[in-house]
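Engineer: Those sequence lines, one after another, are chains P and H.
Mapped onto my numbering, the consecutive letters of the first sequence carry residue numbers 1 to 297.
Mapped onto my numbering, the consecutive letters of the second sequence carry residue numbers 1 to 318.
These aren't lab readings, by the way, just hints derived from the structure by calculation.
Among the clues, some could well be false.
[What the hints assert, rightly or not] Interface residues of chain P toward chain H, partial, derived using beta-carbon atoms under 10 Å:
1. Arg135
2. Ala142
3. Ile150
4. Met156
5. Phe238
6. Trp250
7. Leu254
8. Arg258
9. Ile275
10. Ile277
[Unchecked claim] In silico negatives: residues of chain P with every beta carbon more than 10 Å from chain H:
11. Gly24
12. Gly27
13. Tyr32
14. Phe38
15. Val42
16. Ala53
17. Pro58
18. Phe59
19. Thr64
20. Arg79
21. Val125
22. Gly126
23. Ala194
24. Ser204
25. Gly212
26. Pro245
Ideal Cβ placement from N, Cα and C applies to all residues, glycine included.
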Amino acid sequence: MTDTALSPVFATAAPAARVRGYWGTVGRRLRYDYVTLFFLAVILLIVLAAIAAPLIAPFDPLKTSMAFRLKPIGFRDFRLGTDELGRDMLSRLIWGGRMSLLMGLVPVVVATTVGGTLGVIAGFVGGKLNMLIMRTMDIFYAFPSVLLAIAISGMMGGGMYNGLIALSMVFIPPLCRIAETATTQVRHLDFVEAARASGASSGSIILHHVVGNVLAPVLIYASSLISVSILLSAGLSFLGLGVEPPTPDWGLMLSTLRQAIYVQPLVCALPGAAIFITSLSFNLVSDGLRHAMDVRI
Amino acid sequence: MWAYAGRRILYAVPIAIGVTVICFGLVFLAPGDPMVNLLPPDASPADAAYLRKLYGFDQPVPIQYAKWLLRAVTGDLGTSLQTGRPVISEVGRALSNTIVISLGAVLLAFSLAFVLGTAAGYYAGRPTDRALTAVSVVGVSVPNYWLGMVLIIVFSVQLGLLPATGMGSAGSDTFSLFNWEQVKYAILPVITLSMVPLGIIMRNTRAAIAEVLANDFVQTLRAKGLPETMVIRHAVRNAFPQVLAVMGLQFGYLVGGSILIETIFTWPGTGFLLSKAILTRDIPVLQGAILVLAMCFVATNLAVDLLQTAIDPRIRRA
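In isolation and in its complexed conformation, chain P is listed as follows (with noise of 0.2 Å):
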């Protein structure tokens, strides 16, 4: 009898009781974040269309032709005109987000893992190795990112690989900064120190206890560095340092394109629009990810 009447109190209060973890806040957040889901669509048209760039593009990015040099958007089959050696610019937009996209990525990925483990470590380790790697990094940071990118890769003669290496050594600082700031944060917590008395090994409590509490902020800021590596490595190749032609790169049309803002402006200014697009977009899905996250750093 009792069963009985006990149940159906447990039925209701049941899906009351059930917490939402940390991720399911997160996830819902974001599926009302009606912004953030726009420009992470944009963000999936763009990566997509540089994947399939040799299916959809509708001529090849390399061929010149002198009688068609510059012509304006909509002429003939070429919708988006064509740049000064001719070349269709809705192929070479399609194509050049492939570069683009993996300038802006890669230096991002690279500077996370180095910079995130070298601040793991200076947080974790703390003393002297911490007072080494940072003060290392505060000498770099007293470089604007802009003429530190430009320094490096303008020593090392441009390039693509230059250009990437330039711009992960430009990241990295910031990176470790946050990193060690969490990790020291985290280390003296009690867990921690419970993990330490029941024997965990250092690599296991880094591994175990740091590594999650460390992604996070780190994962956000590197999302939002993004955006600035576009930008700077655009910016790299349109001062010649990064992609090399004939490779279609946004920033090296737009610097190619640069001469000839009398005859087609229109034309001129396109790639300038698909590197702010993008970098609008990243920037705007990385402020939706922090503000879902309840990142603050």
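Dock chain H against chain P, hints included.
Structural biologist: Below, chain H without anything else, positioned relative to chain P:
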């Protein structure tokens, strides 16, 4: 205050030394013999031997560094391979031009951003805030070298209102604020340069104002019947030092990072000098300009910190 200032200045010393080490090391990043990079292509073997001895390339690296540093401290940064003039005078002339547009840009950005950011912070979470925040995101997302081109297309090519490139009459490279013909040339670069600091200062102002307004004392102010304009005044006074510091840092970033904008507008500043040096592989100019710009950045950071401490007593106590 003075103890803090002393500590802060002492702290800048190792950073400055580190910066010189990196700038010195940059030459070793360049492919090939650093010696070859410093020589004009048509140098005779005797010149090469002379320079090798002068720069100490026949000695161990730490001694090379010490020699280089000693010369750098006395203002000898070598000679430009392109013009044959001392690097220090080339950089010095260019630096003043860069400071002109950077200062203009940061002042423009600050005056706009502080007002807009205060409004956004005051209306935090409401439509006004969202609209203004969108402006600041655009500011930090726009590739400013592209914006420069778009402004040239609109104001120079289409409307013919403002000059597109250079700095006044042909070859001119000294700026005068009281000469309208010259000021005209600075307008587009200044607007272009101000976009990033506009976005960043706005974001910081918004956050600072919203944070102050969330304090209990603000509720007390309202409870005792203070008009909203006075409440905003309280918020502004509290947020101001922090925003001022952000502005100072942005000025530093602009001086060091105006290379793309100066290249677009062929503005004869340090950025344009750097981009020319990259094209012609003029390593002494490249190294000298980077060293001077990085030192300016260190000095700006130091000045900002000291200034902020001077006007905001809360930092000293912390």
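Engineer: Going through the numbered hints above, which ones does this structure break? Give me the numbers in ascending order.
Structural biologist: When the structure is compared with the hints, none of them turns out to be violated.
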